[in-house]
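Colleague: Note that the protein sequences, when read in sequence, are chains A and B. Those letters in the first sequence? Residues 1 to 142, by the working numbering. Those letters in the second sequence? Residues 1001 to 1380, by the working numbering.
To be clear, the hints were calculated from the coordinates, so they are not data collected in a lab. Hints are not guaranteed to be accurate.
Stated by the list, open to error - Residues from chain B that face chain A, not an exhaustive set, calculated with beta carbons under 8 Å: (1) D1009; (2) G1055; (3) T1288; (4) S1292.
Just so you know, these numbers come straight off a predicted model, no measurement behind them. We put the CB at the ideal spot given by N, CA and C, even for glycine.
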Amino acid sequence: MAEYTLILGVIGSDVHAVGNKVLEVALEEAGFHVVNLGVLVSQQEFIEAAIETDADAILVTSLYGHGEIDCRGLKDALIEAGLDDVLLYIGGYLVIGSQRWEDVEDKFRAMGFDRVYPPGTMVEDFLPQLRADLARQRGESH
Amino acid sequence: MAAVGLVPDLTAKAAEQAVLGAGARVVGCYSYELTHDDVRAIANANADMILLAGGTDGGNRRTLLGNARILAEHALEIPVVIAGNRCAAPEAEAVLSQSYETHLTENVMPEIGVLNVEPAREQIRRIFMETIVYARGFEKVERWVDRLIMPTPAAVLQAGMVWSEMAGDHIIVDLGGATTDVHSFCSGRPQSEGVVYRGLPEPYAKRTVEGDLGLRVSAQALTEHVGLDVLAEEANLTKEYLSRRLAEIHQKPAALSTTGEEIRLDRAMAVHACREALRRHAGWLEETYTPSGRLWLQRGKDLTDICTVVFTGGYFAHGEGKRQDMQGLFPSQPALELLPRDPDIVFDSGHILAAAGLFSERDRRGAARFLKRQLAGTST
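Here chain B stands alone, though its shape is the one from the complex (with noise of 0.2 Å):
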């Protein structure tokens, strides 16, 4: 999907954490007036759909209509959710709606300072289901499932809404091949006093999506953000040994490791794509001083009082997660990163997360006790 706002960290960053939240993955956040070639990019993407957002409720009109007539002049035919100012968004869908199907919702941003992502979050997730999984030629999935299809973030994000109400706060980090996503569930607000929160507020429900970080197909970006060098001596490889497994991994995406060299690297990596992704999901602190005294800016969310982090994907569903890596990746004393202090390392060994998502939209008790049973075990 495309995301587009006003502001970069007002309501354009609203619109992609609405995106993000829906579990789509983001082609391209745009802020400010779309130009020609924006929406070309966005086209040649391949996007699926666009969230079009922009002013607060009352607020500024012009770029919620200019963008709307932009996009109308290039009639892309994928649905357009238009969830800007309330006083311009039915006139931009009426620009739209002769060349794209619209779909209007809330403002992700009725006002400063207030988060609104739900309704649109529901919008772009309900079209999924009944337009694109249709406009993708997935119609064939109904000969095995009758009904429920979900794309496999938005299912984890549920599976975590699920698990939040009967465990209370906690993280999942996904680790996969192409992108590492965290997901947090708390409020995440300032714990401390002398702690002034700075910025758009954070949804209860937060999903952030690394696109460089991960075990296969992100695999050379990862190491160009970690360095050969470190990677190699971690993971105890030559750098000649390392840049040819690298070059086969390229190659072949979906080959599994089986030699200790092979699971050695795999280790390594894991550790540094968790971290990074954990790193960029949490808030941090900035020191400043006042005639009053020290204070603390928060940006981001403060996830230091969470106590069970929960770690999927294939690596972990594979049994290679190592419960000490996991635990290096949270530090034990305050820092001005807002990472977790010592929380519980939960591995999904079962890898069901995203079915438990999935089935929740059946049958929500019974996903709970699904989700208990295969969780709860595993916890230090």
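In isolation and in its complexed conformation, chain A is listed as follows (with noise of 0.2 Å):
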């Protein structure tokens, strides 16, 4: 059995399938345990889907804009559930117009995610950061 657990999934009313079967197909061949949940998934199911597979980090993408909208609140809930040190990441076109990146990533760092992607970003460009974080993660909590 691979030695991490990732829960997948496309947050809120957004239905872009594409994208996160590529991610899917990516993170299995890079050898991780993928949980992915598909699209149009509430806070409620990635947190479900957590506790039960006991999962290691929360990959959440969107992709429509509504992003923001959608994560609010997801962090303070993974904490009231108990998954506090489960790895938070997001990716994909979080906000409406052309707003800074740095920006973006600040905002969304705000609200707890760990680690923030823009549009475009490539699985091989995350991959070591994702290693190096669950390593580090495993170590502590150890």
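Starting from two chains that each stand alone, build the complex the way the hints lay out.
Modeller: This is the structure we're talking about:
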């Protein structure tokens, strides 16, 4: 069985399924146990799946500009569910309009996300960070 | 039985579904960590067995093991079926085996979104036949029966499985004095485009039990649900008469109805019990708007394409069931509740479903022929 379990899903009323599938395949090939919840995933579904699978990280994607609204309170809910040490990542088209990426990143970091990735991020771009974060998290919790 | 899982909508729900599907009555469904009070409640409810689930395979271990330890402290002297995280289940069994008869079986939910209740169901049925019937003093029945003993709801479910092989997808509504059971035999997946399924997948053979809907022991609870005024008006009775009759039923739940008033009341209660039990069993649609247009989210089973609904129970066996009453339970137009549309109504007028289910354990083809002869002729 794979060493790390990742929860993957597209949050909110977002139905962009293609990138989600690509991520699933790529992360599985990279050796992770991927629990893909697909599209139209609510905060509650992310949390419940993370509890049952004892997940190490939650990877949220959002591609329709409503990410900020959909993710509001997610970190608090995770803390409430006893999942405060589960890594929380997000990537995609997170906001509408041409905002500076640094501002977007700061906003989502402030909402409790450990990593925030802009559109066009390739799997190989964030894999080293993910692996390092997972190893650090496991080291700290043991 | 008590069903124990982790998340209410995931392994706890899967555990409950396994218990119901085995024909057992659920005295408690528990999520997250069991408390000492929970275990005492299980003991006080005289549970005959516990199904202990929790965690997907390779997932959460802590809850299954913690719950095993809490149970071990109490030693309730009932069998425990362990159907949780495969990677933690043997350890949970080791913890429990000091003080319980344990049975290890496959996880009811090995992965998120995958339901696997059949092995646990089978295990529960086997323990019922081999252990519970004796523990309950039922060994006396051995004077009359040589081998096959089954809980009635499990036998009805079994009859439905045999009937589905022959007649396809269908529903059985079992209206009783204390509960109303609904069994559906279909995949229930979304039927149309633009509908997205949410939640745990549903088993092909799904049983739900409504403990507050029935004609005798649950008559008071049913009346509270419907409203005394509504029920009195529908049955063309005064409220005073209705209150008095409900008290009589409470005193003597075995009494049959003989007068016109009594029969009218049974009829009104039967319609409400069946309607509400079917509504709770069926899935439903929720509207949602996305930037790519309107979508429907489906939760639970889509029963709209089901062509046959069989009604069973004493009320129907006594010939009280009116076809137009039961036809009126189903919508003729698309609705958000995914009930069958204008299905054929079949009455189990010989009250043979449970017997046929039991018989099928010995002779499946014989039971199929028996069902066909008894049910096929009565459909509209």
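Colleague: For a quick check of understanding: which of the numbered hints are violated here, in increasing order?
Modeller: none
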